[in-house]
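Asker: Take these sequences, add in the hints, and give me the full structure.
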Amino acid sequence: MKAKKKKGKFLLQSPKGMHDVLPDEQPYWEKIKKATEKISESYGFSRIDTPAMENAEIFERTGEETDLIEKQMYYVKTKGKERNLVLRPEGTAPTMRSFLQHGFSRLGKPLKLYYFGPMFRYEQPQAGRFRQFHQIGFEIFASEDDPIFDAYAVLATVRLIEELKIKNLIVQINSIGCKQCRQAYIKKLKEYYGNKKDKICKNCQRRLAARPLRLLDCKDEKCQPFKSEAPVILDKLCNGCKNHFKAVLEYLDELAMPYILNHYLVRGLDYYNRTVFEVFSEQSKDIGALASGGRYDNLSEMMGGKKIFATGGSIGVERIIETMKSFSITGALKPKSEVFLVYIGNEAKKKSLAIFEKLRAAGVRISESFGKESLKAQLKDADKEQVKLSLIFGQREVFEESIIVRDMKTGAQETILLEKIAEEVKKRIK
RNA sequence: GUGGCCAUAGCUUAGUGGUAAAGCUCCGCUCUGUGGAAGCGGCUACGAGGGUUCGAUUCCCUUUGGCCACCCCA
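Numbering-wise, the first sequence is residues 530 to 959 according to the numbering used here.
Check before you lean on any hint, since a few could be wrong.
[Said to hold, decoys possible] Derived SDA-like pairs (lysine to any residue); straight-line CA-CA distance at most 20 Å:
{"hint": "1", "residue 1": "LYS878", "residue 2": "SER896"}
{"hint": "2", "residue 1": "LYS545", "residue 2": "LYS708"}
{"hint": "3", "residue 1": "LYS608", "residue 2": "PRO580"}
{"hint": "4", "residue 1": "LYS775", "residue 2": "PHE838"}
{"hint": "5", "residue 1": "LYS563", "residue 2": "LYS708"}
{"hint": "6", "residue 1": "LYS836", "residue 2": "GLY769"}
{"hint": "7", "residue 1": "LYS545", "residue 2": "ILE816"}
{"hint": "8", "residue 1": "LYS854", "residue 2": "ALA564"}
{"hint": "9", "residue 1": "LYS708", "residue 2": "PRO741"}
{"hint": "10", "residue 1": "LYS887", "residue 2": "PHE899"}
{"hint": "11", "residue 1": "LYS938", "residue 2": "ASP910"}
Hints are computed from structural coordinates only; laboratory data are not their basis.
Answerer: Right, here's the structure in full:
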């Protein structure tokens with residue numbers, strides 16, 4: 530048996546569902562970061578960064594029944610006393626925690642915050658679905674449940690995605706009411722499905738008891754006919770919720786923002802109430818929603834704080850990148866070098882780093898292939914980088930204290946004095 | 001957590017029970033102080049562990065990772 534040398538290779542890989550962002554992919558991240566800054570600024574969102582870990586209670590209190598909390602959280606073992614640290618599975622609860630902790634709750638006017646960071650969920654990875662992924666979130670905290678903020682959150686979320694040139698966005702929106710009218714609706718729903726138990730799929734039979742709203746989301750063919758006959762939540766909303774939702778839609782209408790009412794749309798987290806929405810792209814439906822969000826007026830109290838009215842949306846960065854790729858949208862452009870420094874021989878090499886530094890300090894975008902000895906190879910690299918000029922510095926030039934300036938397009942060369950190099954180069958690249 | 005498909009060089013892929021081929025990339029040579037073309041040459045791989053076998057990259061088991069469906073979600 531051979532194969533001794535490969536021992537340990539299995540360790541040389543990133544954890545399941547977690548990926549390196551290699552240099553090739555960075556331009557996408559650059560572009561998204563820039564777009565996020567731009568949109569946040571113009572819509573008045575201030576950046577907030579919270580730790581990657583939180584006390585588990587932060588999340589446990591906000592969604593006992595949900596998969597995310599029940600089985601997808603990473604609990605962290607430490608040597609210290611913290612027994613219950615988790616890697617954050619989402620960004621809304623931490624933002625609310627920070628908000629309450631720092632006494633921001635004396636709201637003069639609504640506070641708008643945004644975050645951009647990694648989230649962690651233990652689940653089976655698939656395309657567009659990772660164990661570590663990144664979200665951009667917009668959150669609006671207010672002292673009133675004004676529906677204009679729901680529209681505002683949808684607006685900012687959609688505009689950020691559009692800023693990245695992703696087309697054919699579909700906004701799906703629904704209202705899941707408040708505690709009271711939702712309970713009433715669930716009761717109706719249960720009644721409706723109660724006598725059809727043996728005709729619906731196994732999953733739905735199970736869900737009927739635990740999370741009846743999810744029945745509306747079922748894709749099983751057996752369940753479809755019952756779904757279409759099922760009571761619709763919008764018809765059962767209390768007046769407060771009905772008016773609120775109506776107002777949200779009116780704001781969207783005024784914006785001429787297209788949306789689809791989706792009676793089946795339900796969010797996975799327990800803290801949502803009233804408005805919920807998801808954003809899809811026609812091009813990348815298969816990787817799921819690009820963004821989602823909604824109102825969460827109950828979260829602050831669930832966490833032990835005072836009542837805060839809040840609404841927001843979050844965007845899946847990796848899914849955005851996938852979609853950009855499927856549209857052949859490129860990432861941010863790197864600034865190109867204008868000048869390439871080539872050395873020949875050791876004497877020249879010794880001085881070339883200093884020459885490089887002098888030009889860089891003078892504001893010239895210069896690049897090089899230090900470490901490659903052959904002139905050919907260096908010029909080849911210069912060609913690949915599509916620079917305007919190459920500076921060729923060899924033995925002869927060392928003695929003459931000069932350097933050759935080569936125009937890469939015409940091939941014309943000229944020898945200039947080393948001391949004048951910065952000004953001469955600048956003159957030529959204009 | 002359940003089920004299915006997959007795994008060969010840096011990348012994309014061929015192929016075989018007798019240790020493997022090609023394209024792109026990379027490095028070099030033709031051209032010893034001059035790039036963009038062409039030709040030639042070179043580096044680098046059967047994910048890991050175990051089993052069957054004279055011999056396994058190939059067959060079997062386990063494991064790891066990727067993808068897909070369920071579940072759920074960004």
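Asker: Now tell me, hint by hint, if it's right for this structure.
Answerer: Cross-check of the supplied hints:
Only pairs whose Cα atoms come within 20 Å are accepted, and LYS878 paired with SER896 is accepted, the gap being roughly 14 Å. For the proposed pair LYS545 and LYS708, the alpha carbon gap of about 38 Å is over 20 Å, so the pair is violated. Taken as a hint, the LYS608 and PRO580 pair is honoured in the structure, with Cα atoms around 19 Å apart against an allowance of 20 Å. For the hint linking LYS775 to PHE838, the alpha-carbon distance of about 18 Å falls within 20 Å, and the restraint holds.
With a CA separation close to 39 Å, the supplied pair LYS563 and LYS708 exceeds the 20 Å bound. Pair hint LYS836 plus GLY769 holds up; C-alpha atoms about 18 Å apart against a cutoff of 20 Å. For the hint linking LYS545 to ILE816, the alpha-carbon distance of about 18 Å falls within 20 Å, and the restraint holds. Under the criterion of a C-alpha separation no larger than 20 Å, the hint pairing LYS854 with ALA564 is consistent with the structure, at around 16 Å.
Pair hint LYS708 plus PRO741 holds up; C-alpha atoms about 14 Å apart against a cutoff of 20 Å. Taking the CA atoms of LYS887 and PHE899, the gap is near 16 Å; set against the 20 Å cutoff, the hint holds. At roughly 15 Å between alpha-carbon atoms, LYS938 and ASP910 fall within 20 Å of each other, so this suggested pair holds.
When the structure is compared with the earlier hints, violations turn up for hints 2 and 5 and for no others.
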